[in-house]
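Keeping the supplied structure of chain P fixed, place chain E upon it in accordance with the hints.
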Amino acid sequence: MFGFLLRRIAVLIPTFIGVSIIAFSFIRLLPGDPVALLSGERVMSPERHAQISAQLGMDRPLIVQYFDYLGGVLTGDFGSSIVSKKPILEQFWALFPATVELSFCAIVIAVALGIPAGVIAAIKRGSIFDQGLMGIALVGYSMPIFWWGLLLIILFSGTLQWFPVSGRISLMFFFPPVTGFMLIDSLLSGQKGAFASAISHLALPSIVLATIPLAVIARQTRSAMLEVLSEDYVRTARAKGLSPFRVVGIHALRNAMIPVITTIGLQIGVMLAGAILTETIFSWPGIGKWMVDSVFRRDYAVIQGGLLLIAAIIMFVNLIVDLLYGLINPRIRH
Amino acid sequence: MADTTVTKTAEPVSSAAMRRQMLREFWFYFSENRGAVLGLIIFVALVIVAIFASLIAPHSPFEQYRDFALLPPAWAEGGNPSYLLGTDPVGRDILSRLIYGAQYSLFIGVFVTTLSLTGGIIVGLIAGYYRGWIDTVIMRLMDIILAFPSLLLALVLVAILGPSLTNGMIAIALTLQPHFVRLTRAAVMAEKSRDYVTAARLAGAGPIRLMFRTILPNCTAPLIVQATLSFSNAILDAAALGFLGMGAQPPAPEWGTMLAEAREFILRAWWVVTFPGVAILVTVLAINLMGDGLRDALDPKLKRS
Chain P
1200 MFGFLLRRIA VLIPTFIGVS IIAFSFIRLL PGDPVALLSG ERVMSPERHA QISAQLGMDR
1260 PLIVQYFDYL GGVLTGDFGS SIVSKKPILE QFWALFPATV ELSFCAIVIA VALGIPAGVI
1320 AAIKRGSIFD QGLMGIALVG YSMPIFWWGL LLIILFSGTL QWFPVSGRIS LMFFFPPVTG
1380 FMLIDSLLSG QKGAFASAIS HLALPSIVLA TIPLAVIARQ TRSAMLEVLS EDYVRTARAK
1440 GLSPFRVVGI HALRNAMIPV ITTIGLQIGV MLAGAILTET IFSWPGIGKW MVDSVFRRDY
1500 AVIQGGLLLI AAIIMFVNLI VDLLYGLINP RIRH
Chain E
-9 MADTTVTKTA EPVSSAAMRR QMLREFWFYF SENRGAVLGL IIFVALVIVA IFASLIAPHS
51 PFEQYRDFAL LPPAWAEGGN PSYLLGTDPV GRDILSRLIY GAQYSLFIGV FVTTLSLTGG
111 IIVGLIAGYY RGWIDTVIMR LMDIILAFPS LLLALVLVAI LGPSLTNGMI AIALTLQPHF
171 VRLTRAAVMA EKSRDYVTAA RLAGAGPIRL MFRTILPNCT APLIVQATLS FSNAILDAAA
231 LGFLGMGAQP PAPEWGTMLA EAREFILRAW WVVTFPGVAI LVTVLAINLM GDGLRDALDP
291 KLKRS
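First to last, the protein sequences are chains P and E. Numbering-wise, this note's numbering comes out as the position in the first sequence, counting from 1, plus 1199. Going by this note's numbering, 63 is the number at position 73 of the second sequence; the sequence numbering is gapless.
Just chain P, same shape as in the assembly:
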């Protein structure tokens, strides 16, 4: 297992270097003068230009600049925002919990509904139930989630007025962030109604973000279950006279889960992309909205840092999924 871990990490190193080269080159690929772009000053005298260039270290050879950048990144220095002048890593950590909270709720919804739906569809294969569930799953899989979010807002925030349109909590409540997770912070604050408000703000965005992963998990669970249910050991378990619940729930499901866990892991990358749209629609102050806003503000330093941080998270999550996979399915380790 340790060797497997080392091999996995060894593959990640060149990928991480490549990702950092992309993030590094990004600002230099933009049309226009990178010094002007990074300083945010449009018109400047040649002296001022040389001064800022030296300040940013951009008068040195590219290769030196790159290693300087890489060194900064590895010690946690991602530079500062052009607009707010705040360090990028600090901003990232302030916003990241919001995205984690949203993604976590979405993945819980997707798994809690997707796996049972897939199992039921597989057991009742070919029935109206199966066709209906898989039809819904295909619609969910084809859903333009930015439109889906708007529809839910029209129905639940507009017509029915059940849920708020945007934000993480009602403006009535104010408490300092302790963990950054609104659900936990609102409980810690002890204010009446704060937790309920946080939940109602979270409901629509998590449903929207859960839609595509839910559909993918349901489809994947169904096909994995179908495969497993036709195996000999399932027939043996049935022949032994075990109850159908035991056969499906214990013997079949555990083996069917192996490919499903990979799917769930891969959905986390999909979710970070989905968060870009979901957070924009619901004005959810997470890293997805942060990236979109930065593109509009032309805050290239933030885009550069965010790009690298998000890629690093996805690589890390994929590594964990790989390790989990190796843990459940020892055959894969070699």
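Keep in mind that the hints were calculated from the coordinates and are not lab data. Watch out, some of these pointers could steer you wrong.
Label pairs and their computed distance ranges (CB to CB) [as the list claims (entries may be wrong)]:
| id | chain 1 | residue 1 | chain 2 | residue 2 | range |
| --- | --- | --- | --- | --- | --- |
| 1 | P | Leu1386 | E | Gly109 | 47 to 53 Å |
| 2 | E | Ala195 | P | Leu1312 | 31 to 37 Å |
| 3 | P | Leu1204 | E | Phe18 | 33 to 39 Å |
Take a look, some chain E residues computed to stay more than 10 Å from chain P by CB distance [unchecked claim]:
| id | residue |
| --- | --- |
| 4 | Phe138 |
| 5 | Glu181 |
| 6 | Ile214 |
Here a beta-carbon is modelled for each residue, glycine too, at the ideal position from N, C-alpha and C.
The following block gives chain E in isolation, referenced to the frame of chain P:
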């Protein structure tokens, strides 16, 4: 009875007859899937709508009927039968814009899929055929692209290249390409050690002929399935870029861009938001239905149900 079979197999089968036979077999499996046939019908209808948009559309997609701004659909109270699905905030006919929008979506799908498919096949063939360091470099490059969420990468590329539909499509094609590279590479590696490839090589076929004429035709099934997936993904991603203001620019009647323009009116005029989204959903759903049918018909190994 036995005689006829013998004479039949003794006759050389022409490649045209074989192709017909394969097509018939393909259609047999494809048409068994009712959803796939439904998807195909919707898709063909969309293609017809897109081609004959100027004949079908009741109005120009750009003409602003200022006196009729934000008109509800014809069947709703206050609707006007001349504007079947209502009008948008500046008085343009929504139905006409949706009809012209079909041209955008189908073009996006075709362009992006062609670009990522050809690029992916060439790169994948090279990686799988030559292996060694070229393969390692290519696969690491693909890993790097896959490390970014596709929409984020497209967003950043568009920020570099400038917001436009063309740049958006190039960006999306780049993010979809690694899947084709991986599929082609895996298929090539599996096929390369087969006897027919060795025979072709001994007969004097060069690497280009071996790659494109000998090996590639035997790897097409998974590529076709992936191409349909890419087609629907391209439409979704381009609409998302348009929605974020980074794809097709107004006043283009692209469905995602229409949604972006309509966003501030969602609580006042449901129809400006609802219909462009329905158009995207129906198109993507039809293509995905076809994709499922293609997968079942082309590749029994991939068959899921």
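Discussion item. Using Cβ atoms and 10 Å as the threshold, tell me whether Glu181(E) really stays out of contact range of chain P.
Written reply: Consistent with the label, Glu181(E) stays out of reach of chain P, its closest Cβ about 24 Å off (over 10 Å).
Worksheet item: Is the gap between the beta carbons of Ala195(E) and Leu1312(P) within 31 to 37 Å?
Response: violated, 53 Å
Item to complete: Take a look at whether the Cβ-Cβ distance between Leu1386(P) and Gly109(E) falls inside 47 to 53 Å.
Response: holds, 51 Å
Worksheet entry | Minimum Cβ-Cβ distance from Phe138(E) to chain P exceeds 10 Å | violated, 5 Å
Worksheet item: Is the Cβ of Ile214(E) farther than 10 Å from every Cβ of chain P?
Response: holds, 19 Å
Fill in: Whether the CB-CB distance between Leu1204(P) and Phe18(E) falls inside 33 to 39 Å
Violated: the Cβ-Cβ distance is about 49 Å, outside 33 to 39 Å.
Of the numbered hints listed earlier, those contradicted by the structure are 2, 3 and 4.
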